[in-house]
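2 protein chains.
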Amino acid sequence: MTRLASVGSSGRDGRLVIVSRDGSRHLPGPAPTMQAAIERWDELAASIAVAAAAVEAGEGEPLEIEALCAPLPRAYQYCEGSTYLSHMERNRAARNAPLPPGHGTTPAVLQGHSDRFLSPKEPIELGDHAWGLDLEATIGVIVGDVPMGVTPTQAASYVRALVLINDLTLRNVLPDEYAKGTGFFQAKPLRAFAPLAVTAEGLGDAWDGRLLHAEVRTWVNGVPLGTLRSAADAAFGFPEIISYAARTRPLAAGTIVGSGTISNRDPSAGFGCLAEKRAIEIQHGQSPSPYLLGGDTIRIEAFGDDGISIFGAMETTVVDANGGGSSSASGKG
Amino acid sequence: MTRLASVGSSGRDGRLVIVSRDGSRHLPGPAPTMQAAIERWDELAASIAVAAAAVEAGEGEPLEIEALCAPLPRAYQYCEGSTYLSHMERNRAARNAPLPPGHGTTPAVLQGHSDRFLSPKEPIELGDHAWGLDLEATIGVIVGDVPMGVTPTQAASYVRALVLINDLTLRNVLPDEYAKGTGFFQAKPLRAFAPLAVTAEGLGDAWDGRLLHAEVRTWVNGVPLGTLRSAADAAFGFPEIISYAARTRPLAAGTIVGSGTISNRDPSAGFGCLAEKRAIEIQHGQSPSPYLLGGDTIRIEAFGDDGISIFGAMETTVVDANGGGSSSASGKG
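From first to last, the protein sequence lines are chains A and B. The numbering used here numbers the first residue of the first sequence as 1 and each following residue consecutively. The numbering used here numbers the first residue of the second sequence as 1001 and each following residue consecutively.
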């Protein structure tokens, strides 16, 4: 399992390291940054594999997992698809909104921002309690240079590494943006990432070329929220989402393509976000769980069938950016 | 007028140069890339001004304007606001769609992609004639690190440089994306940029802290399409759009904030896009002008009151990526 990470002490991009399977040791990567490695993947893949074997054999220095930032601390593109249909179905039912045309037959793909990602343990600054902060457990792939017009069959070969994302959403900001019809913007605060990226090759059977086979667990304030199967109930695989995203333009190396919130149809699996939990609670006449506020903690972690934490844990605390008071006068749409 | 540009021969980011007012000479910039200069602006602004004075005084090497790529050949974020209301009003009227809530009182801000921008004379690859390719003449600002929650008054101080953009749109792909309610994705092919960025300080009276005062001219196949005043009919200034965009998260240095398509209320000024021209033609019972096809050329250029071309000319040819035949079977939503 070849694991890549970025040590956060070197500016906005960090410094690429190769990490041992148990997360205890690291060696310098063959490129200065993760972005540079993704751009020069064909040339560097062999060196990365050699370094991964060496660090596994005991070479390298001890690693403080707390020193890691997001695998790509910033990226030139982030987009995400609607892999798990029950996420949108539950959330739209809760606000009596119809499902979009093409639901279940073509992915809905959103353009996200990527100018800065939160480190795995970096606090999430919430500007206003009224915004309705929610987690969203999401799998992502980092791709190489994808030409315009690739088919799903071709798209699979451009997947370089997988990552685990908390694609946070401000639920109470969404209605205004839906009404405007111009996509999500203010509803998307900074995203957080688990510390380790794993190469597609290094995942073995856990990556089937379309989906990651893992158990993704979510907790809020230490209480389990979900134990989800990332390969279950997926209407689309990553190649279909990449092909959709590259229909009218190429995607440049380092683009992150997210799965959308992981969601299983069986509600006993729990949830990858609070919105779905609230939708089910409201449906059963229960009072809905609150969204996240200052002081709340979120943990997201993905485990392989061997029980190993694939990407390391993402454990973040929400903090009030300005005391949590309403700032809705400043530019609210 | 301090002008910055990127010479395209050095990989994905180009190499920063300082360009003389007449565009004939250049000196190396004090940082390797435009992105690095924007990140270290406070430290480098004095050196940039010194180099600009030196190149104006005759120092430096001859410049081939054809060697320039986009001022930022790729960026970590692109977003755009709805500065010119008549653009949306004409286009929504043409498809009998209502105006969005908040139209005219808060900007609608879109998240765009930024993983690769077209050089000023690079061909625009069109995958399918049926997509309805349209130009969109747009002014942009490149900002430094903008904190979350800045007010419009504070936001003005983060504007580092201005750029001229062709924010191309696939008009016939838009309806599917509007119906999905998830913003524009496939409707946005690669954007093109004029070769020169100009510092906010270097614009003098042409930049009033909110808007660029310029005449933006557009041509299709050599025929004038519009002669637009970029400071006229603007419902919002850049500071308002930046404040809106930074409401729930910071914006990282190098973020490009676009104005949205420049549009004047007086139709005799012409148009910054074909969609508005078509809307007026249809309104008058005329057959609408066609969208762009392989072989068509687009020219966009902005002039100061002194008649000088502020950003240099952007002159691009549309080419058929695959013979222009329909590829709508591959992933169409």
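Wrong hints could be hidden among the right ones.
[Unchecked claim] So the derived label-pair ranges between C-beta atoms look like this:
id	chain 1	residue 1	chain 2	residue 2	range
1	B	Pro-1028	A	Ala-45	23 to 29 Å
2	B	Val-1050	A	Glu-61	55 to 61 Å
3	A	Pro-147	B	Ala-1097	30 to 36 Å
4	B	Thr-1153	A	Val-319	39 to 45 Å
5	A	Ala-45	B	Ser-1010	48 to 54 Å
6	A	Glu-66	B	Asp-1022	30 to 36 Å
7	A	Glu-59	B	Arg-1040	22 to 28 Å
8	A	Glu-43	B	Pro-1032	34 to 40 Å
9	B	Gly-1209	A	Ala-54	53 to 59 Å
10	A	Glu-59	B	Ala-1045	40 to 46 Å
[As the list claims (entries may be wrong)] Non-contacting residues of chain B with respect to chain A, defined by C-beta distances greater than 10 Å in every case (computed):
id	residue
11	Gln-1111
12	Gly-1149
13	Gln-1186
14	Gly-1254
These aren't lab readings, by the way, just hints derived from the structure by calculation. Just so you know, these numbers come straight off a predicted model, no measurement behind them. In this text, a Cβ means the ideal position worked out from N, Cα and C, and glycines have one as well.
Status of the hints after comparison with the structure:
1. Pro-1028/B with Ala-45/A: 23 to 29 Å: With a Cβ separation near 34 Å, Pro-1028/B and Ala-45/A fall outside 23 to 29 Å, so the hint is violated.
2. Val-1050/B with Glu-61/A: 55 to 61 Å: violated, 43 Å
3. Pro-147/A with Ala-1097/B: 30 to 36 Å: Distance hint for Pro-147/A, Ala-1097/B holds at roughly 34 Å.
4. Thr-1153/B with Val-319/A: 39 to 45 Å: violated, 26 Å
5. Ala-45/A with Ser-1010/B: 48 to 54 Å: Roughly 24 Å apart at Cβ, these two residues miss the hinted range, so it is violated.
6. Glu-66/A with Asp-1022/B: 30 to 36 Å: Since the Cβ atoms of Glu-66/A and Asp-1022/B sit about 54 Å apart, the hinted range of 30 to 36 Å is violated.
7. Glu-59/A with Arg-1040/B: 22 to 28 Å: violated, 36 Å
8. Glu-43/A with Pro-1032/B: 34 to 40 Å: About 21 Å separates the Cβ atoms of Glu-43/A and Pro-1032/B, which means 34 to 40 Å is violated.
9. Gly-1209/B with Ala-54/A: 53 to 59 Å: Roughly 56 Å apart at Cβ, these two residues keep to the hinted range, so it holds.
10. Glu-59/A with Ala-1045/B: 40 to 46 Å: Holds, since Glu-59/A and Ala-1045/B (Cβ atoms, about 45 Å apart) stay within the stated range.
11. Gln-1111: violated, 5 Å
12. Gly-1149: Given that some Cβ of chain A is not farther than 10 Å from that of Gly-1149/B, nearest at about 6 Å, it is violated.
13. Gln-1186: Gln-1186/B is in fact no farther than 10 Å from some Cβ atom of chain A, at 5 Å.
14. Gly-1254: Non-interface label fails for Gly-1254/B: nearest chain A Cβ at 7 Å, not farther than 10 Å.
Violated hints for the displayed structure, listed by number in ascending order: 1, 2, 4, 5, 6, 7, 8, 11, 12, 13, 14.
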